[in-house]
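The lines below spell out each chain.
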Amino acid sequence: MKSLILIIVGSALIHNVVLNQFLGICSFLGVSKQIKASASLGVAVIFVITIASAVASLLYDYVLKPLGMDFMKTIVFILVIAALVQIVEMFLKKTAPAIYTALGIYLPLITTNCAVLGVALTNVQNGYNFIECVFSGFGTAVGYTLAIVLLASIRTRIREEDLPEPLRGAPIVLIAAALMSIAFMGFSSLAF
Amino acid sequence: MNKYVERLYNGVIKENPTLILMLGMCPTLAVSTRALNGIGMGLSTTAVLILSNLVISLLRKAIPNEVRLPAYIVVVASLVTVTELLIEAYLPSLYTALGIYIPLIVVNCIILGRAEAYANKNPPLLSIMDGLGMGLGFTVALTLAGLVRELLGNGSAFGVKLLPDSIEPIGMFIQPPGAFLVIALFIVIMNAIGIKTRQKELVESCDGCCASCMTPCEKAETADKKEEVAAK
Chain A
68 MKSLILIIVG SALIHNVVLN QFLGICSFLG VSKQIKASAS LGVAVIFVIT
118 IASAVASLLY DYVLKPLGMD FMKTIVFILV IAALVQIVEM FLKKTAPAIY
168 TALGIYLPLI TTNCAVLGVA LTNVQNGYNF IECVFSGFGT AVGYTLAIVL
218 LASIRTRIRE EDLPEPLRGA PIVLIAAALM SIAFMGFSSL AF
Chain B
4 MNKYVERLYN GVIKENPTLI LMLGMCPTLA VSTRALNGIG MGLSTTAVLI
54 LSNLVISLLR KAIPNEVRLP AYIVVVASLV TVTELLIEAY LPSLYTALGI
104 YIPLIVVNCI ILGRAEAYAN KNPPLLSIMD GLGMGLGFTV ALTLAGLVRE
154 LLGNGSAFGV KLLPDSIEPI GMFIQPPGAF LVIALFIVIM NAIGIKTRQK
204 ELVESCDGCC ASCMTPCEKA ETADKKEEVA AK
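These protein sequence lines map, in sequence, to chains A and B. Counting the first sequence from 1 gives a position; the numbering used here is that position plus 67. Counting the second sequence from 1 gives a position; the numbering used here is that position plus 3.
Incorrect hints may appear among the rest.
What follows is a list of derived Cβ distance ranges for each label pair [what the hints assert, rightly or not]:
| hint | chain 1 | residue 1 | chain 2 | residue 2 | range |
| --- | --- | --- | --- | --- | --- |
| 1 | A | S255 | B | L166 | 25 to 33 Å |
| 2 | A | N193 | B | P127 | 35 to 43 Å |
| 3 | A | I154 | B | D168 | 57 to 65 Å |
Just so you know, the hints here were simulated from the structure itself, not pulled from any lab data. From the three backbone atoms N, C-alpha and C, an ideal C-beta is built for every residue, glycine too.
Let the sequences and hints guide you as you build the complete structure.
Given below as structure tokens:
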């Protein structure tokens, strides 16, 4: 149990997927204009990454490894993730229309989010078992959501500031991300 | 200008994928800790980009329009796997330095972006030159970022110590925050001297990434607007 908590804390805070591993930067910078949109994307990412790491782990342990086809993992994972997002989208549309309308538009965006593939590959590299993969996927996605909602909150404040011309737009957002990253470095002493 | 040379100029200078188009930010931020890592990552991506542009250009009449993105992904993923195995076999130190970011070349927006924007409409030779130009542009940008970070954070360039010991390097620059700061600095400098970049797309488009994301992006924006109207 303790190791599972460590995995969640580690993947959400210490090795934060955006601020420390630089995965999913595109959507982190692109969809953080409004808090609401970033929170919806965050929830969709939690949903997809948790399911994707579970499926990737099962596939790797029971199909790729017994067949000795480890080297195919990149191809298999990316295709499975793309298909999975489609299936999840259709499933939600049929069974839970309320969730679908909240998340639906963000689901297809996630296919190209490198965080999903990154988590699946890191899990395999770390040799996690099924349960550990699910927890690490969940923790990573929570870390992503935390980071993107925080950045969106900062950006709503930045918008009202009178900045020097060259700093407007991307640079100030990147500087805000850098400061967040410094703050998150503080978590690295959280090893217990 | 010769149209093949024009492709190179376009990729390295005019439409530099990282500095002007602001694509492929994940690897740019992640592996620019050392100038050498930047070159390694840049050249691996260049190799994949040239080959994927070639294959997709050759297959451009065979791939049906509806399934083109999955088809591109399969092509790119196979090429990346080959590259990964080659790097692991012949350049083990680079393999450890780049780690997870080698397989993640698959989701580098530059590759799918060039397939979608150029290779599927143009003949093989031009597509190769386009891949080479874009790849070299990416390599130049990565190496530049790596050079600045290595110099500030470690006092060295390409592994050679440059700054005297009396100057303490700022260690933060080779750690994650330094990546964001150096890229921000690059954009500030380009804004200040008046080079037009697509930095707005980086922070305001839905996913900044490839053409495939644009449709859901527009949908998301119209949905947001509808909600705003409804709230009023």
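Verification of the supplied hints:
{"no.": "1", "hint": "A:S255 / B:L166: 25 to 33 Å", "verdict": "holds, 26 Å"}
{"no.": "2", "hint": "A:N193 / B:P127: 35 to 43 Å", "verdict": "holds, 41 Å"}
{"no.": "3", "hint": "A:I154 / B:D168: 57 to 65 Å", "verdict": "holds, 59 Å"}
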